[in-house]
Structure formats: structure tokens, C-alpha cells
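Line order of the protein sequences matches chains V and P. What the first sequence shows, in the numbering used here, is residues 1 to 275, in sequence order. What the second sequence shows, in the numbering used here, is residues 1 to 326, in sequence order.
Treat the hints with caution; some may be incorrect.
[Stated by the list, open to error] These stretches of chain P come out as covered by chain V in the derived footprint (C-beta under 8 Å, 3 or more residues):
| no. | segment |
| --- | --- |
| 1 | 31 to 42 |
| 2 | 83 to 97 |
| 3 | 162 to 169 |
| 4 | 262 to 269 |
| 5 | 275 to 287 |
Hint data in this document are derived by calculation from the structure and do not stem from the laboratory. Only a predicted model underlies this, so the values are computations on that prediction, with no experimental measurement involved. A virtual CB, placed ideally from N, CA and C, is assigned to each residue, including glycine.
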Amino acid sequence: MSATTLFAAGRAGRRRLATRQRLGLGLLGGLLAIAWLTPWLHDADPARQQLARILEWPSLAAPLGTDHLGRDLLARTASALRLSLGMALLSVVSAAVPGILLGVIAGWRGGWVDRVLGSLADACLALPGLLLVLLLVAIAPGNFWALYVGIALVLWIEYFRVVRARTRVLVASPQLEASRLLGFGPGYLFRRHLWPELAPQVLTLAAFGAASAILAMAALGFVSVGLRPPTAELGLMMTELLPYYHEAPWAMAQPILALCLLVLSLNLLAGKDPR
Amino acid sequence: MDAISSRRFPALASGLGRVLLPRLFQAGLVAWLVGTLTFVLTRTLPGDMAYRIAAGRYGHDMVNSAAAEAVRAELALDQPALLAYLHWLGDLLRFDLGNSLVSGEPVIHELSHQLGHSLGLALVAVLLSLLLGPPLGLAAGLRPGGWWDRISEGLASLLRALPPFALGLLLILLFSVSLGWLPAAGHGRAAHFVLPALTLALALAAVSSRVARNAMVEVSGSAYYAFSRTKGLGERLSFLRHGLRNAAVPIVAYLGVQFVYLIEGVVVVETLFAWPGIGHALVHAIVARDVPMIQGTALVMGLMFVALNTLVDLLCHGLDPRRRQS
Numbered sequence: 001m002s003a004t005t006l007f008a009a010g011r012a013g014r015r016r017l018a019t020r021q022r023l024g025l026g027l028l029g030g031l032l033a034i035a036w037l038t039p040w041l042h043d044a045d046p047a048r049q050q051l052a053r054i055l056e057w058p059s060l061a062a063p064l065g066t067d068h069l070g071r072d073l074l075a076r077t078a079s080a081l082r083l084s085l086g087m088a089l090l091s092v093v094s095a096a097v098p099g100i101l102l103g104v105i106a107g108w109r110g111g112w113v114d115r116v117l118g119s120l121a122d123a124c125l126a127l128p129g130l131l132l133v134l135l136l137v138a139i140a141p142g143n144f145w146a147l148y149v150g151i152a153l154v155l156w157i158e159y160f161r162v163v164r165a166r167t168r169v170l171v172a173s174p175q176l177e178a179s180r181l182l183g184f185g186p187g188y189l190f191r192r193h194l195w196p197e198l199a200p201q202v203l204t205l206a207a208f209g210a211a212s213a214i215l216a217m218a219a220l221g222f223v224s225v226g227l228r229p230p231t232a233e234l235g236l237m238m239t240e241l242l243p244y245y246h247e248a249p250w251a252m253a254q255p256i257l258a259l260c261l262l263v264l265s266l267n268l269l270a271g272k273d274p275r
Numbered sequence: 001m002d003a004i005s006s007r008r009f010p011a012l013a014s015g016l017g018r019v020l021l022p023r024l025f026q027a028g029l030v031a032w033l034v035g036t037l038t039f040v041l042t043r044t045l046p047g048d049m050a051y052r053i054a055a056g057r058y059g060h061d062m063v064n065s066a067a068a069e070a071v072r073a074e075l076a077l078d079q080p081a082l083l084a085y086l087h088w089l090g091d092l093l094r095f096d097l098g099n100s101l102v103s104g105e106p107v108i109h110e111l112s113h114q115l116g117h118s119l120g121l122a123l124v125a126v127l128l129s130l131l132l133g134p135p136l137g138l139a140a141g142l143r144p145g146g147w148w149d150r151i152s153e154g155l156a157s158l159l160r161a162l163p164p165f166a167l168g169l170l171l172i173l174l175f176s177v178s179l180g181w182l183p184a185a186g187h188g189r190a191a192h193f194v195l196p197a198l199t200l201a202l203a204l205a206a207v208s209s210r211v212a213r214n215a216m217v218e219v220s221g222s223a224y225y226a227f228s229r230t231k232g233l234g235e236r237l238s239f240l241r242h243g244l245r246n247a248a249v250p251i252v253a254y255l256g257v258q259f260v261y262l263i264e265g266v267v268v269v270e271t272l273f274a275w276p277g278i279g280h281a282l283v284h285a286i287v288a289r290d291v292p293m294i295q296g297t298a299l300v301m302g303l304m305f306v307a308l309n310t311l312v313d314l315l316c317h318g319l320d321p322r323r324r325q326s
């Protein structure tokens, strides 16, 4: 009896996790569609000001209304989403690739290689992530690439740590030992034995990493040390629209809602936190 | 009894070095990293740094070459890079952080003002989050899969998707603008603490409630917990004697991870609520290109982070005897 309930609970747990991820995937798909279909379907420049039409209610000409400079909010929100998602993808990829490679090397070789790489990771993590990004951004203010380097520099450590710990266990396992004794090369061993075990965790980390990249960029935009106006960026849009909250609450709500849904979809997609 | 306690205290102290040494190393690393990055900052800013800073200090109309030369000498911008770098790190070692380029006051003096405000806010936020998160999480963990577990999971997911600045903004709009109960920004009275601390605490509690829930599920499924029930302890007593302390270890350990969030949140939340703390000062220093202030504020925040983590390590060391042996 207890065995069957346990089994049922386990199955229910797995199914719930799957629905959760499906929900996240659907939400993310919707946001991606808004971000990339808008320029096709709605012909408006996110930077074009129309000072005769400021803070307008949503209408056919401007489906989400206009902001305090008469700029089309649908075009701006979509452009900000593209920027956030682009940054997230770029920084996740450029953090994951070296993170995984160095993690496998450190876990596999052990010894001084492991120690050197481990202390390098510790050094990057000595400061809280956003502080490091802030200092890099201070060097090159308003620069997308400084922001990107800072975020990627903070993100690679998680991949490195998780992959290193997992690789250490796997390298000592009998199946990998057997494959190695049969004479297979490191490329085959990685593809056949390591990657299938690492992939789920790496994908989870990637979703969380994308969320934190988006949040970091928005946070810096919000305190106005990140990207500069007139760039359409979610955090920056919040600061810009805040003074007009009374006249146009719907305008203020859009960047907040977009950011919240974006992060929520990525968190849902990630599932369980591996840390 | 005496023999036990005298054996107990060396046990408590043993392994302390292994806890403290890496943190000390981390503190040194923070100082070096901040010092180096801010040094790079003085060297790589576009244009003539001396003119730029002089313009920031005296206003754009008042800059002349004499003022720029004075700044150049003060920041050692006329020396070769390597020499200036060693000089820079030497100053840092002696805790000579220089003067703020905007106000002209010694950086240390300004920091000592701001640190108190930031620490006060962080302390209230952490205490509030500990009052909110773990009790709710433990309640959810006692009945996993129940209605409270599901509601709190939903709430936690929603709160985790809201970054601190958006959450703070919503709280301001709700409590200050619409209801008019609390001041939106500023500092001085106890009422000013509520919104910024709540903003930080809600986000921290969202995570710590889930950690507490998972820890409680694990504890209540363990053999020793089942044994405490079979030997006749009631639900309340076995929770108090066997559940709480075991569940506390991951909660406290996770606080260390949350401090990253706390420090990051302090930067944003202080700016949002015009709180006169270090995070606010850091953002202002970056906007004004005030290099000594950037260095000072980043250094203090980094060291605060290390100190808080050391505290967590010590707490875990005291809570969990298994760590002392391993």
C-alpha cells in the first residue's frame, strides 16, 4: 500500500513538474512571438516621438498606447523584449560553453588543474554578481558589451561548479572506466557518458541564468547606470514611465508585466533549483 | 557533566580555522579585485580623466588646466601605469581611500555614515524575512502537497519572478500612492523602514520558505523523526526537539546564498527608496564618475558580504556538529 502511494506520489510529482515546464514554455513562446512578430505586423519605430500624441490610451493606431514622448509602446515593449532575450541568450551561451568545458577538465583531471580553476571561480564569486557587473559597467558606461561581459563572467561559475562535481563522480564510475579501457577517446566518452548525465542540469542552469541575466540588465537600467535612453529597455522604461503613473497607469504596468512574465516563464521552464 | 562540557568546547573551536581562513582569503580577494577594477577605471575612461573629474568637482565652467593638473597629481594619473597601480594598492592596504571627488569629504567619513543605514536596513530585512519565510515553509513542509503547500509555492514563484525594484515599485504604488499609509521614500522615522525592508524581505522569504519546506519534508521523512514519534513523543515535542534544529541547518546555510541577493537588492532598493546607504551611494558615485567613492562603496559592500557569510559559517558550525568532524 505504502509502495503504491509512494509510486503514485512520485508520478504525480513528475507530471506536475512537466505541466509546470510546459506552462513556462508556452509563456516564453508567447513572449518570443510578441517580441519578434511585432515589427512584422505593426509598423512603428520604437524611437519615433510624436509629441502631439503623448500618453494616449490604447487604440488601433497604437495597440498598447503611447508613452510620455508619444512613442509607440507596443513597438518599445517588443524591442525591449528582443534586447533582453538577446542578451540572455548571448550571455548564457558564452557562459555555458567555457563553464562546461572547464568543469569537465577540472573534474576529469583533478590535481592542480582542478585547484587552479576552482580558485579562479572562487575569485570571480568573491564579490556579489551585480557588484562585479556594476564595476565593469562603471568602466564603460552605457555599453552593451561591458554589461554582457560582466553578466557572462558571473554566470559561468555555476556551470563550472555543477559540471565539475558531477564529472568527478562520473569519471570514477565503472561504465566510464570500462569504456576507457576499451580504448575510446575523450570525445566519445564525453558524448556517450558525460553529456547525457549533465544535459538536464545544464539546461536548468541555462534557464535560471537567462532569468538572472535579464534581471541584472533591468536592475541596472532601473537605477540608470545600465543602457542609456533612448534605448527601449525594460528597467529603463520603468524609470521613465514612473512619473506618469497617474496619467497612464497602463503604460507603467507594461514593462513590469513583461519583465515579470519573462522571468516567470524562465523560472517555470527551469523546474527545480539544482543548487 | 563537566567533562562533557570541557570536551564540547574544544570540539566547537576545532575546525574554526578551516571555516575562517577561506573567508579571510576571500576578504583579501575582494579588496584586490575592487582596487584593481577601480584602478582600471581611472585609466580607461575615455577622454582626459583629469579634466573630466575636475569638471565634475568644480563644474564645467570653472575647469582650467591648473585644476586638471591638481587632479592629475592627486590621482597619480601622470605616473606610469605599473607604478601608479602599486601606489594605488598600497593606499588601499593602509585604508587610505582618498577624498570623494564630488563632496571633497574623506571617503571613510562618508562610508561610516552610510554603512549604519545600510546595515540597519539589511538587518531589519533579514529579520523580517526570517519571521515570514521559514515559519510558512515549515508549515507547508509538515503537510507536503496540502493546500497551504500549493498556495505558498504559487506565491513564492510569483515573488521570485518580481525583481526587487518592480516589487518595491508596486508596494509604493499600493501603500503610498493609493492608500497613503506609508511614506514612499526618505529616511528618519520608523515608518520609513517599512517599505524598503518589506521589499527585500518578501523576496528573501520567497526563497527561504521553499528551502524550509524542503528541509522539513526531508526531516519528517527521516528515520530519526519516525523514531521520535514511535517512542511516544507528541507531534509538537518531536517537531521542537528533532525537527526544528535539523531543518534549521539548510535554512541558515542557504542564508549565505541569499546574501548575494541581499547585497544586490540593497543597491536597487536603496536607490528606489532614496535610502541614504551604501548602495545608493555606489549608484550615485558611478553616475558622477566619483572613482574614490566607487572604490570605497564597492569595497565596503564586498566586505559586508564576506562578513555576513562568515557569520553564517559560524552559525552552521555551531548548529551542526557533523561539520566539525568532517
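Status of the hints after comparison with the structure:
Requiring three or more residues with a Cβ within less than 8 Å of a Cβ of chain V, the coverage given for the segment 31 to 42 of chain P holds, as 6 such residues are present. Given as covered by chain V, the segment 83 to 97 of chain P fails the check, having 0 residues with a CB less than 8 Å from a CB of that chain where 3 are the minimum. Given a C-beta distance limit of less than 8 Å, the hint that chain V covers the segment 162 to 169 of chain P holds, as 6 residues qualify and 3 suffice. Counting residues of the segment 262 to 269 of chain P whose CB lies closer than 8 Å to any CB of chain V gives 4, which reaches the minimum of 3, so the coverage claim holds.
Beta-carbon proximity to chain V at under 8 Å applies to 4 residues in the segment 275 to 287 of chain P; the threshold of 3 is reached and the given coverage holds.
Comparing the model with each earlier hint shows a violation of hint 2 alone; every other hint is respected.
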